[in-house]
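Undergrad: Throw the hints in and build the complete structure from the sequences for me.
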Amino acid sequence: MIAPMAVEVGRPVRFTGYAEDYGVPIVAVQFSLDGGETWTDYDVSGSTGDRWVHWTFEYTPEVAGSYCLLVRSVNDRGEVSPEPDTATFTAFEPEEGLRG
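Read left to right, the sequence shown gives residues 1 to 100 (the UniProt record's numbering).
FYI, nobody ran anything at the bench for these hints, they're computed from the structure. Any given hint could turn out to be false.
Quick list of the computed label-pair ranges, beta carbon to beta carbon [as the list claims (entries may be wrong)]:
#1 PRO4 with ASP50: 31 to 37 angstroms
#2 GLY36 with ARG77: 42 to 48 angstroms
#3 ASP76 with SER32: 19 to 25 angstroms
#4 ASP43 with GLU83: 34 to 40 angstroms
Keep in mind the model is a prediction, meaning the values are calculated, not measured. Cβ coordinates follow ideal geometry from the N, Cα and C atoms, glycine included.
TA: Here it is as structure tokens:
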């Protein structure tokens, strides 16, 4: 689990992490912001089974509210992580006096 955070609407938030599959090459890291209905791939097809795969995902919330980012990996056998990792965050409107 990635620590919860608060972010401003309209400003990008960056998530980073790593994945490994204990000797099996990972070919993609996938991200979902809709509860796993759809997934966006982060291609890591050049990875090998003996190294961690580092990934970065950036998202700019356009609406205030609570969000949950799901992250999972796919190995070269087509197997996906049994449980996706989660990152929860809340987007808030910047205060009027602080807008720049």
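Undergrad: Verify the CB-CB distance for ASP76 and SER32 against the hinted window 19 to 25 angstroms.
TA: The hint (19 to 25 angstroms, Cβ to Cβ) holds, given that ASP76 and SER32 are roughly 21 angstroms apart.
Undergrad: Using the C-beta atoms of ASP43 and GLU83, is the stated range 34 to 40 angstroms upheld?
TA: violated, 22 angstroms
Undergrad: If I claimed the Cβ atoms of GLY36 and ARG77 lie 42 to 48 angstroms apart, would that claim hold in this structure?
TA: violated, 20 angstroms
Undergrad: Note whether the CB distance of PRO4 and ASP50 lies within 31 to 37 angstroms or breaks it.
TA: Once the Cβ atoms are compared, 33 angstroms apart, the range 31 to 37 angstroms for ASP50 and PRO4 holds.
Figure legend: structure checked against the earlier numbered hints; hints not met, in rising order: 2 and 4.
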